[in-house]
Each structure stands twice: as C-alpha cells, then as structure tokens.
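**Q** Here is what each chain is made of, one letter per residue.
2 protein chains.
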Amino acid sequence: MKKAIFYHAGCPVCKHAENDLIDAINNDLYEVETVHLVEKPDRIAEAQRSGVTSVPALVFGPNAPLHINFGASMADVRKLAKG
Amino acid sequence: MKKAIFYHAGCPVCKHAENDLIDAINNDLYEVETVHLVEKPDRIAEAQRSGVTSVPALVFGPNAPLHINFGASMADVRKLAKG
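As given, the protein sequences belong to chains A and B, one line each in that order.
Its first residue numbered 3, the first sequence is counted upward by one per residue in the working numbering.
Its first residue numbered 3, the second sequence is counted upward by one per residue in the working numbering.
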C-alpha cells in the first residue's frame, strides 16, 4: 500500500481539490492521509520539510510536493494556526 | 467509470506530476486521459475552455481545473506547439 499526504488549511481552494482529487486517489493501491494544518499546527514543520510552500499540496514522497492551485502560503497557515 | 483529463506539455514539471499523480488516479473507478498539448495543439482551446491557464493541469469536470505546480503558461504552450 502506497501512501500520500494531503496538506490543507480548510480553505475553499483546498476543499475543491480535496473533493475531486482525494476521492480519486483513495483506492486499493493508495492511502491518502488528510492533514488540516490549522487544526494540527505541529505538522506544519513536517510539511515544510517535504518542500510544501503553499496549500493545498499533495506529497507522495520526500521533496516531491505537488502544489495544487493556490489556497494559502505556509506563512498564512502559521498565522491562522495561531488565530 | 469517472473520467479526468491530464493536460501537459512534456516539460519536467509535467512529467513529475504525471509519474506520481496519474499512476495513483488510474484505478477501477477513474480513467485518466493524458493529452500532450504540444503534440495535439487542436486540444489547446478545449483545455482553455475548461479553465486551464497553465500545465500540468488535471480536469475532473467543467470549470474545475486543478493546476499542479507550474510548468508552462498556455501562451508558452501555444508557442511550443507552433515549433
């Protein structure tokens, strides 16, 4: 079972990507973990180590983030998380 | 069977997205059609009608393109297609 991580911040752009894309990827071969970074700010550093600079982003492996459209920068996410 | 279309221009950013993402989506529920816009310039207008402004992009339905990272603008794609 391969694994991908979808990082998001609950924004409309993130929701749109999640609805279509994550539903399509979750299947017999792949498991997608969805991480809401505003609710789980302790995962922000991990996302940034994977190369994530904005959300929504999908990470299949180290240093290979796929940034999908543009919802919010990681700086914005950090501000929201402190909210 | 649901369908998604992956538009690309053969660039390195496109290839990276294709390797991870399209392999993950092609499954029992989804079929992904891959369209190389430089080789098939007659599909460029169709991609733009779906809202695609850059490649690589993944389209699940009308007006809901997911732009993945940034490889090339559609203006660049048109120039490449003219060779």
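Worth flagging that the hints you see were computed from the coordinates, not collected in a lab.
Ideal placement from N, C-alpha and C gives every residue a C-beta, glycine not left out.
Among these hints, one or two may not hold up.
Think about it this way: if two alpha-carbon atoms lie no more than 20 angstroms apart in a straight line, the pair counts; the simulated EDC-like pairs of lysine to aspartate or glutamate are [said to hold, decoys possible]:
id, chain 1, residue 1, chain 2, residue 2
1, A, K4, B, D30
2, B, K5, A, E20
3, A, K5, B, D25
4, B, K4, B, E33
5, A, K4, A, E35
6, A, K17, A, E41
7, B, K4, A, D25
8, B, K81, B, D44
9, B, K5, A, D25
10, B, K42, B, D30
11, A, K4, B, D44
12, B, K4, A, D22
13, B, K4, A, E41
14, B, K5, A, D22
15, A, K5, B, E48
16, A, K4, A, D25
17, B, K4, A, E20
18, A, K5, B, D22
19, A, K4, B, D22
20, A, K4, A, E41
21, B, K5, A, D30
22, B, K4, B, E41
23, A, K42, B, D22
24, A, K5, B, E20
Covered by chain B, per the in silico footprint, the following chain A stretches (three or more residues, Cβ under 8 angstroms) [said to hold, decoys possible]:
id, region
25, 19–26
26, 30–38
27, 41–52
28, 55–66
**Q** Each hint should be assessed against the structure and marked as holding or not.
**A** Structure-based check of all given hints:
At most 20 angstroms may separate the alpha-carbon atoms for a hinted pair to count; K4(A) and D30(B) meet this at roughly 16 angstroms. Distance check on the hinted pair: K5(B) and E20(A) sit about 16 angstroms apart at the alpha-carbon level, within 20 angstroms; holds. With a C-alpha separation of about 13 angstroms, the suggested pair K5(A) and D25(B) falls inside the 20 angstroms cut-off, and the hint holds. Distance hint between K4(B) and E33(B) is fulfilled; the C-alpha atoms sit about 6 angstroms from each other, no more than 20 angstroms.
The hinted pair formed by K4(A) and E35(A) meets the criterion: a straight-line CA distance of about 11 angstroms does not exceed 20 angstroms. For the proposed pair K17(A) and E41(A), the alpha carbon gap of about 15 angstroms is at most 20 angstroms, so the pair holds. For the proposed pair K4(B) and D25(A), the alpha carbon gap of about 11 angstroms is at most 20 angstroms, so the pair holds. A C-alpha spacing of about 13 angstroms is found between K81(B) and D44(B), which places the hinted pair at or below 20 angstroms, so the restraint holds.
The hinted pair formed by K5(B) and D25(A) meets the criterion: a straight-line CA distance of about 13 angstroms does not exceed 20 angstroms. Taking the CA atoms of K42(B) and D30(B), the gap is near 27 angstroms; set against the 20 angstroms cutoff, the hint is violated. Pair hint K4(A) plus D44(B) does not hold up; C-alpha atoms about 36 angstroms apart against a cutoff of 20 angstroms. A hinted pair counts as satisfied when its Cα atoms are at most 20 angstroms apart, and K4(B) with D22(A) qualifies at roughly 11 angstroms.
A C-alpha spacing of about 32 angstroms is found between K4(B) and E41(A), which places the hinted pair above 20 angstroms, so the restraint is violated. With a C-alpha separation of about 11 angstroms, the suggested pairing of K5(B) with D22(A) holds against the 20 angstroms cut-off. Our distance criterion of 20 angstroms between C-alpha atoms is broken by K5(A) and E48(B), whose separation comes to about 33 angstroms. The hinted pair formed by K4(A) and D25(A) meets the criterion: a straight-line CA distance of about 15 angstroms does not exceed 20 angstroms.
For the given pair, K4(B) sits about 16 angstroms from E20(A) by alpha-carbon distance, which is consistent with the 20 angstroms threshold. At roughly 11 angstroms between alpha-carbon atoms, K5(A) and D22(B) fall within 20 angstroms of each other, so this suggested pair holds. For a cut-off of 20 angstroms, the pair hint linking K4(A) to D22(B) stands: about 11 angstroms separates their Cα positions. A C-alpha spacing of about 25 angstroms is found between K4(A) and E41(A), which places the hinted pair above 20 angstroms, so the restraint is violated.
Of the supplied pair hints, the one linking K5(B) and D30(A) holds, its CA atoms being roughly 18 angstroms apart against a limit of 20 angstroms. The hinted pair formed by K4(B) and E41(B) fails the criterion: a straight-line CA distance of about 25 angstroms is larger than 20 angstroms. A distance of roughly 26 angstroms separates the Cα atoms of K42(A) and D22(B); the hinted pair therefore is violated under the 20 angstroms criterion. Using a Cα cut-off of 20 angstroms, the hinted pair K5(A) and E20(B) holds, with the two alpha carbons roughly 16 angstroms apart.
Coverage of a stretch by a chain is defined here by at least three residues with a beta carbon nearer than 8 angstroms to that chain's beta carbons; for the region 19–26 of chain A and chain B the count is 4, and the condition holds. With a threshold of 8 angstroms between beta carbons, the proposed coverage of the region 30–38 of chain A by chain B holds, since 3 of its residues qualify and at least three are required. Using a Cβ-Cβ cut-off of 8 angstroms, 0 residues of the region 41–52 of chain A lie near chain B, which falls short of the minimum of three, so the contact claim is violated. For the region 55–66 of chain A, the proposed coverage by chain B is satisfied: 4 residues have a C-beta within less than 8 angstroms of a C-beta in that chain, meeting the threshold of three.
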